[in-house]
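Take a look at the letters that make up each chain.
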Amino acid sequence: MHQFKTSCAKEKLKEIRAFVAETLGNMGVSENECHKIILAVDEVCANLIIHSNQCDASEKLELFVEDHGDHCVIFEIIDHGKGFVYDSYKEPDLEEIIRSRKKGGLGIMLVRNIMDKVEFKIEKNRNICRMMKKF
Amino acid sequence: MVNIEKQIDEQTGHYEIIVIGEVDASSSIHLDEALTTAMTESKHILVDLRGLDYISSAGLGVFMSNIQEIEAEGIRFVLFGMKEKVFEVFEILGLDQLLVIKKDKEEALEAVK
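One line per chain: the protein sequences are E and L, in this order. When we follow the UniProt record's numbering, the leftmost residue of the first sequence carries the number 1, and every step to the right adds one. When we follow the UniProt record's numbering, the leftmost residue of the second sequence carries the number 1, and every step to the right adds one.
Looking at chain L on its own, in the form it has when it is part of the complex (with noise of 0.2 Å):
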């Protein structure tokens, strides 16, 4: 199962999600509905990895059929935190090339600026 939380950073106002355990196609549909809520309610999104432990093609579906919305409204949105195993399957479709991913927190807060 997967576990989402959001907040919003009171200094640089900046959205978070936080995404904690697995996204498969069972859960996936919870990562859709805080993206899309985050994107109507922020053009600054973090996306926490850290506690991301598998994910399956649902879930990288999710990510990539919100590519041309974040691009269209001028979304700044970065991903970070990833375990090296989670990053191998964004590698594998070449997601790593068309999402902003990050190593840390704090490149992270460099690049959605």
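Okay, chain E solo, but in the shape it has when bound (with noise of 0.2 Å):
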């Protein structure tokens, strides 16, 4: 298991994909892949730091990397602010975001895109994301 804990801060952001882009390199993840990944990563922890936690600093988040073995990693995001209710996400029209020009929506829908596997729970005062990819 690898954990990478930082702040609640956009800034942070290169921080965690380097985290990750070291992390899913010692597992064997081809460079395309990892790019993906990568990616998902980032936008579940940029939602948290934005939207759950309005970066504030003072607020941590951790990432859990575990290589589930059999080519396939699984990550758990772990923040304490406002929970992101994931049942109730709708997949946002494309049409629709260039019309209205409200951008929200299109990290979720890029992770859904990548990932194998996405979960979202709240559970006591912590939410906890929880991806699986297979690679």
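Treat the hints with care, since some could be wrong.
[Stated by the list, open to error] Quick partial rundown of chain L residues pointing at chain E, CB under 8 Å, derived from the structure:
| id | residue |
| --- | --- |
| 1 | A25 |
| 2 | K85 |
| 3 | E88 |
[Said to hold, decoys possible] Beta-carbon label-pair distances, calculated as ranges:
| id | chain 1 | residue 1 | chain 2 | residue 2 | range |
| --- | --- | --- | --- | --- | --- |
| 4 | L | Q11 | E | R130 | 53 to 59 Å |
| 5 | E | Y89 | L | T12 | 42 to 48 Å |
| 6 | L | D9 | E | E22 | 37 to 43 Å |
| 7 | E | S30 | L | R76 | 32 to 38 Å |
| 8 | L | T36 | E | S30 | 34 to 40 Å |
| 9 | E | Q54 | L | M1 | 19 to 25 Å |
| 10 | E | I128 | L | G21 | 27 to 33 Å |
| 11 | E | C72 | L | I20 | 31 to 37 Å |
[Said to hold, decoys possible] Residues from chain L that face chain E, not an exhaustive set, calculated with beta carbons under 7 Å:
| id | residue |
| --- | --- |
| 12 | I20 |
| 13 | D24 |
| 14 | M64 |
| 15 | S65 |
| 16 | I67 |
| 17 | Q68 |
The hints are simulated quantities; they were obtained by calculation from the structure and are not laboratory data. Glycine residues also receive a C-beta, built at the ideal position from the N, C-alpha and C atoms.
Quick one: dock chain against chain with the hints and give me the complex.
The structure is reproduced here in structure tokens:
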């Protein structure tokens, strides 16, 4: 299990990506696949930092990466902000985004396209995003 | 971090935005500003993405949210030189169908005319 703890600031996204890149590289994930997985993790973390924690740098975000064997990696991202209600997520209509100039929902759309399994749950005072990807 | 430069081709008058580095939720504001400025100054805009190593939805959102105005203003707007891994991200959301994306500068110059 690999672990990375950081604060809820957008500037930390680069460090999160570097951590995921190094971890996946050590697991033997191809560069192309790696790029997409890093993107999915970055999108979830950006959402949590911006929407769940309003970029409050005193709040913490924890990321766990587990090599599940058999070419499968599992991510857990934990924060203590306002939870994301994934069940009510509706995939945005691109035409509507273009018309309204509202960009919301694009990140999760990428995550759902890239990852094989995505779960969000709110547990006591913490939010847990769990994602699985076969590579 | 992202580094964004602009240049205006003396011969053609085309406006070129050169994006180098990574565009994520913390840096997409710079792309947004560069694009907004370009759109007020020119109707022929090229975006050189040869140096772009990473783009997340925040960056894609900058392009998407300007598509309508680009069309309404009759702006010729062409992206070019994307690395394969970056292009794949545009493809996942189907943005490759909504934007004019060319392989190299030569093709881009042809398309922006």
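Hint-by-hint comparison with the structure:
no.	hint	in the structure
1	A25	holds, 4 Å
2	K85	holds, 4 Å
3	E88	holds, 7 Å
4	L/Q11 with E/R130: 53 to 59 Å	holds, 55 Å
5	E/Y89 with L/T12: 42 to 48 Å	holds, 45 Å
6	L/D9 with E/E22: 37 to 43 Å	holds, 41 Å
7	E/S30 with L/R76: 32 to 38 Å	holds, 37 Å
8	L/T36 with E/S30: 34 to 40 Å	holds, 37 Å
9	E/Q54 with L/M1: 19 to 25 Å	holds, 23 Å
10	E/I128 with L/G21: 27 to 33 Å	holds, 32 Å
11	E/C72 with L/I20: 31 to 37 Å	holds, 35 Å
12	I20	violated, 15 Å
13	D24	holds, 5 Å
14	M64	holds, 6 Å
15	S65	holds, 4 Å
16	I67	holds, 5 Å
17	Q68	holds, 5 Å
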